[in-house]
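Undergrad: Chains as they are written, first to last, in our numbering: chain D, 1 to 635; chain W, 636 to 867; chain X, 868 to 1155.
These aren't lab readings, by the way, just hints derived from the structure by calculation.
Where is the CB? At the ideal position from N, CA and C, for every residue including glycine.
Errors might be hidden in some of the hints.
[Claimed, not checked] Quick list of in silico lysine to aspartate or glutamate cross-link-like pairs, DMTMM-like style, CA-CA up to 25 Å:
#1 W:810 <-> W:694
#2 W:709 <-> X:1041
#3 W:786 <-> X:1041
#4 D:482 <-> W:752
#5 W:786 <-> W:762
#6 X:996 <-> X:869
#7 W:858 <-> D:566
#8 W:858 <-> W:762
#9 D:527 <-> D:488
#10 W:842 <-> W:762
#11 D:482 <-> X:1049
#12 W:842 <-> D:570
#13 D:348 <-> X:1041
#14 D:36 <-> D:626
#15 W:810 <-> D:626
#16 D:417 <-> D:614
#17 W:858 <-> D:592
#18 D:482 <-> W:828
#19 W:786 <-> X:869
#20 D:417 <-> D:566
#21 W:786 <-> W:752
#22 W:842 <-> D:452
#23 W:858 <-> D:570
#24 W:786 <-> W:859
#25 D:348 <-> X:961
[Said to hold, decoys possible] From chain X, some residues computed to sit far from chain D (all C-beta separations above 12 Å):
#26 904
#27 958
#28 962
#29 975
#30 1010
#31 1029
#32 1055
#33 1125
#34 1137
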Amino acid sequence: MNLSVKDHGISALALPAQDRGKVAQEVSRAMSLSEKLYQRAGLIFPILATGGALAAASFIDPYLAYVATSWVIFGLLGLSLDLVWGRGGLLSLGQTAFYGLGGYVGSILAINMAPLTGDTLVWSLPAGAAFGAASAAALGAIIFLARMGPLQATILSYTFTLLLWSLTQSFKVTFGQAVVGGDNGLSNIPGVVLGFGQGTEALGPVEVFVTVVIVSAAIYFLCWWLMNGTFGRVIDCIRIDPQKTELLGYDIRKYQVAIFSLAGAIAGLAGAMFGAWANYLNPSVFSVQEALLVPIYVLVGGLGTLAGAFVGAFAIGGLSYYLGGGAVGGQTTLILGVVLILLVLFLKNGLVGAMGELWRRTLPDPNAAARDAGPVSIDPEVLEGILVEAAERAGPAKRLATVALYKRFGGVIPVNKVTRTFEPGRPYSLIGPNGAGKSSYLKACVGIYMPEAGSVTVGESDATNAPIFERVHQGVGVKNQKPQVFGELTVLENLSIAAFARTGNTQAALDVSRKILAMSGFERQAKVQASALSHGQQQWLDIGMVLCLAPRIVLLDEPAAGMTNEETRELSALVRTLARHTTVIVVEHDMEFVRTLEGHVTVLHQGRVFAEGDIAALRADDRVLDIYLGRREHV
Amino acid sequence: MFRIVNATGGYGKTVIIRDVSIAVDRAEIVALLGRNGVGKSTLMRFAMALTPAFSGHVEIDGHNAPEAPARRAKAGVGYVPQGRYVFPRMTVTENIAVAAEANGHSGRPAVEAALRDFPMLRPKADDLAGGLSGGQQQVLALARALATRPKILLLDEPTEGVQPSIIDEMAGILKRINRERGVAILVAEQDLDFCLSIATRAYVMEKGSVRLETDRESLRTNKELQQQLLGV
Amino acid sequence: MELDYLATVLLSSLSSASILLIATIGLAVVFGLMGVINLAHGEFLMIGAYAALTATQHGIPFVLAIPVAVLVTMAIGAAVEVLIIRRLYGRLFDTMLATWGLSIAFYQLAVLIFGTVTPGIGMPQFSVKIGNYSLAGYPLLMTGVAALAALFVYVLMTRTVYGMKARAAIQMPEMARAIGIESYRVNTLTFAIGCGLAGFAGAVLLPIVPATPSMGFAFVIKAFLTVVVAGPVTLTGSVLTAIGLGGGASVTASFLTSVAGDAFFFLITAFLLWLYPLGITANWRSKM
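Just chain D, with the same shape it has in the complex (with noise of 0.2 Å):
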């Protein structure tokens, strides 16, 4: 067929683009002009807000521009948080140390080299963004190699905070110029100077104003661009199921450091211009009502929406103006509590989120078409042609060999010195009772789990102690026993994501994804979001997802589960091809499967190897009937 398709930026990730066949009937209708503005709402109206912005300043009190200025910041520092949990998935509470540290920097920097060049955000900006980002890495590098837990990863960020702000209310130092006082804070930093050389004046509020916004409208779009790209594709994949991420070869923890680090640039750039702001800083902010602020900002907003961390800096901060700016203040905490409350309970998704949710509710659904998915049919030659392909782009097929094997949990031990070698040619099945260790074994393969002792081979290659995507990359795809899939995502997403990190390719990986979704008879449910399939779909669309990998040793944790007998036979199918191209092992209960698979078939047993041979062997092995098949006449 004839492959012509037309969108070759990143974005073709995220907006699967028209193209041939069924396809292109599915996807190509006609878009009503609200769909597209809504595909589009992140990039139109923030471009409408900044004018809007720009505008208003021509004609604003002084006073109002110099307060909302701050808004803008603290929305700077929610979009910081915004990126790291609304879409990363962790909730940091660190993100006011990355602030106030990229503010003390830039500020102590900007003191210094003012007298000599009068430019002073030349030096402050870079200089908070780098020092926010180095610090951000090395937290980051911590929390994610050491792959934390999502509140230990909070709480530590939080220490991290504190520890600053129990640490900067004592001491005293001096950088050339600028004295950092302790408790007392660093003064005397120069307002926002445009322009060199001597004689240059501080901008005045409204002008301020005006350069605060455009440097965070440059730094929203730059977010928004590189969030809706593959980079943020990933992201968002992480924060689904990070261990599948990292099933399909993405090494997650570089990701997740990549983010955080940008985020902590964001961060640190907002406090140094907050230091320019308020000629002022002190240990405040680093406190603890400080770090809660800003995911308030982000939740009022809309969590995971960019924007919505500006919307939620002015809707808070445009109600502590208009309740009197601290005059009243205790009516101001009190009535900022309560609204916390009320906006988790009842406006999960935030101002820009509710307004998203009406919008979408008058656009046709795109998971209709969930509803009448035909039967997977499995087209023998298409797949062939696919492992052909395979093939000849990832090399031959692996073996994959376990000497001594040995992995144990407490007194447990699911894997005992499983000693075996797996080559391609026909498929292998994994056999035995509840509890026998075998996906604990298929899992030590994968590293899942870090086995005590022994080692693990792919192809030549010894991967005992190789992490998963490692191995993922030495061509081991594995499928486990629950279907993983991102329900966010659409089917095609799902596929060219899983496609994407083999390739490294948007179109190659699209390619590929529209091959694989013919042949499981997705064409219809391209645009679906997974989270609409069914349970057997959703298993269908993980085996996509494996294939697309282009595996040289394929692992299914017990694929037939919840399928229907006819659906049995077309994996049983699609096992067999598979398997002349690749080193194929599944794990199984269903024995009549199995049978249908004609392989080797081997018994485990308290982690143990207990019998190997083919099925009518081990149908006439008393052991094996006694510890598994049972005796009556069930299977």
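Got chain D; can you put chains W and X on it based on the hints?
TA: This is chains W and X only, laid out in the frame that chain D set:
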């Protein structure tokens, strides 16, 4: 004895089951068959009051069943959900004891009885349930439901992910419990053989409704029906 | 002489650790059993302190004022569970933010009602002498109170039917209801017990820590870190981390400065999280 009458329900605005009526007599075992996604699990959850009812109701012994799941359980409905759902950070013993105690029965004898019925749980009695294998969890979920001393047991895909010999054992235990204690059973299954080995009657569902009601013999012999409705 | 000094430092550190444990234990119950981080825990402690203070001001003896404080905080806790927490189970960070909102609202209400300055109550006067050093007896008594409180919670949660129901109801709320447990009622009670323990802490510590609207902040951060570092086996874990972190910080503070004590606390927390990313008890196989 146990009736689901004109059940219509689903999630949000989506209707998944439509006007389903089912009856199970005292000490009867009835199978609920159908392909993936026809609404078997939703019907089970409807029966347990875990899915909001758009319309329809459930009767036990001719009386309307209470609306809250906990009170429905106390009225004699035992439920084994698809996917096991044992309490992971509680021991096997506690899982069974808490079910008995919640229904006003003493815990210790209930645990003893359960370990007698399911000897494979005995060596695991003091282990946390979350550490058991899938099949063991399934058996534990069954033992837990029985500890509530139900009049009717709702089993949702009890054989999924369970090894054949335990499936056999489970079929035997279910038949014995049914015979000795008069517990009625409604079992939703993909595994036709398992159903044929224990159930005497079956409802076949399609697209959220009951397509037909049939007995074991006609189901066993009618290959066309099997093919058409169940994808066997 | 030096040995005496060391002994007093150790004893007072042990009592600081015990005070931390007393303040933490309610949070540990709520977090360990319900998976809820209650950031308003400190304010419940504050409410307990004010309740006990108000009771003594009305002539009720201090020993009887403690149960009054427990009942008041349990009642408020139950109301909070029904109105807020119940809707948020399973949404860890949402409960965190909602209870933080609650915390600042309670704080502000306390300022409005009680003002920022309040009279303390006299500490029961008895002391313990070690060599030339004399230690106030009441803080030392807290060691015993902490041990009793931990034991009480352990027995309540592992040896009683209520404890089993409470754990079942929170681990799988829907399933618990399906086997006849009134999950809603049980969860309300569990949260109320957690808050009651906070109230108990506020009351029993009143002679040491006078009631102020902001007293909650001082406790909640450390209590919170203690519980998180403890990990899934919350109770036993919290006892260990309270002794390690609280005691360690107190020893550091008595030899250096109080800022150094705080820094010690935060640094060791960070270090422990680095070593045990899921909490120190992540791989334990026990229940509480």
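Undergrad: Against each hint, give a clear statement of whether it holds in the structure.
TA: We went through each hint and held it up to the structure:
1. Between the alpha carbons of residue 810 (chain W) and residue 694 (chain W) the distance comes to roughly 24 Å, so the proposed pair stays at or under 25 Å and holds.
2. The suggested pairing of residue 709 (chain W) with residue 1041 (chain X) holds, with an alpha-carbon distance near 15 Å, which does not exceed 25 Å.
3. Note on residue 786 (chain W) and residue 1041 (chain X): the hinted pairing holds, with a Cα-Cα distance of about 20 Å set against a maximum of 25 Å.
4. Taken as a hint, the residue 482 (chain D) and residue 752 (chain W) pair is broken in the structure, with Cα atoms around 30 Å apart against an allowance of 25 Å.
5. Between residue 786 (chain W) and residue 762 (chain W), the direct Cα distance comes to roughly 29 Å. Violation of the 25 Å bound is thereby established for this hinted pair.
6. Annotation: proposed proximity of residue 996 (chain X) to residue 869 (chain X) holds, straight-line Cα distance about 15 Å (limit 25 Å).
7. Straight-line distance between C-alpha atoms of residue 858 (chain W) and residue 566 (chain D) comes to about 14 Å, which keeps the hinted pair within the 25 Å bound.
8. Only pairs whose Cα atoms come within 25 Å are accepted, and residue 858 (chain W) paired with residue 762 (chain W) is rejected, the gap being roughly 45 Å.
9. With a C-alpha separation of about 11 Å, the suggested pair residue 527 (chain D) and residue 488 (chain D) falls inside the 25 Å cut-off, and the hint holds.
10. Restraint check: the Cα-Cα separation between residue 842 (chain W) and residue 762 (chain W) comes to about 41 Å, which exceeds 25 Å; the hinted pair is violated.
11. Proximity of residue 482 (chain D) to residue 1049 (chain X) is assessed by CA-CA distance (about 30 Å); at most 25 Å being required, the pair is judged violated.
12. Proposed proximity of residue 842 (chain W) and residue 570 (chain D) is supported: the alpha carbons are some 22 Å apart, at most 25 Å.
13. For a cut-off of 25 Å, the pair hint linking residue 348 (chain D) to residue 1041 (chain X) stands: about 22 Å separates their Cα positions.
14. Of the pairs offered as hints, the one joining residue 36 (chain D) and residue 626 (chain D) is violated, with about 63 Å between alpha carbons and a cut-off of 25 Å exceeded.
15. The hinted pair formed by residue 810 (chain W) and residue 626 (chain D) meets the criterion: a straight-line CA distance of about 21 Å does not exceed 25 Å.
16. Between residue 417 (chain D) and residue 614 (chain D) the alpha-carbon distance is near 22 Å, which keeps this suggested pair within the 25 Å criterion.
17. Only pairs whose Cα atoms come within 25 Å are accepted, and residue 858 (chain W) paired with residue 592 (chain D) is accepted, the gap being roughly 18 Å.
18. Between the alpha carbons of residue 482 (chain D) and residue 828 (chain W) the distance comes to roughly 24 Å, so the proposed pair stays at or under 25 Å and holds.
19. Straight-line distance between C-alpha atoms of residue 786 (chain W) and residue 869 (chain X) comes to about 74 Å, which puts the hinted pair past the 25 Å bound.
20. Annotation: proposed proximity of residue 417 (chain D) to residue 566 (chain D) is violated, straight-line Cα distance about 37 Å (limit 25 Å).
21. At roughly 18 Å between alpha-carbon atoms, residue 786 (chain W) and residue 752 (chain W) fall within 25 Å of each other, so this suggested pair holds.
22. With a C-alpha separation of about 50 Å, the suggested pair residue 842 (chain W) and residue 452 (chain D) falls outside the 25 Å cut-off, and the hint is violated.
23. For the given pair, residue 858 (chain W) sits about 20 Å from residue 570 (chain D) by alpha-carbon distance, which is consistent with the 25 Å threshold.
24. Taking the CA atoms of residue 786 (chain W) and residue 859 (chain W), the gap is about 35 Å. The hint is violated against a cut of 25 Å.
25. Using a Cα cut-off of 25 Å, the hinted pair residue 348 (chain D) and residue 961 (chain X) holds, with the two alpha carbons roughly 9 Å apart.
26. Taking the minimum C-beta to C-beta distance to chain D, about 8 Å, the non-interface status of residue 904 (chain X) is violated against the 12 Å cut.
27. With a least CB separation of 8 Å from chain D, residue 958 (chain X) falls inside the 12 Å interface cut-off, contrary to its annotation.
28. At roughly 8 Å, the least C-beta separation between residue 962 (chain X) and chain D is not larger than 12 Å, which violates its mark as non-interface.
29. With a closest Cβ-Cβ approach of about 4 Å to chain D, residue 975 (chain X) is found to fall inside the 12 Å limit, against its non-interface label.
30. With a least CB separation of 27 Å from chain D, residue 1010 (chain X) remains clear of the 12 Å interface cut-off, as annotated.
31. Distance check for residue 1029 (chain X) against chain D: the nearest CB is about 26 Å away, which clears 12 Å, and the non-interface claim stands.
32. No Cβ of chain D approaches the Cβ of residue 1055 (chain X) within 12 Å, the least distance being about 17 Å, so the stated non-interface status holds.
33. A beta-carbon of chain D is positioned within 12 Å of the beta-carbon of residue 1125 (chain X); the least distance is around 9 Å.
34. Look at residue 1137 (chain X): its CB is around 5 Å from the nearest CB on chain D, not clear of 12 Å, so calling it non-interface is violated.
Hint check: violations occur at hints 4, 5, 8, 10, 11, 14, 19, 20, 22, 24, 26, 27, 28, 29, 33 and 34; the rest are consistent with the structure.
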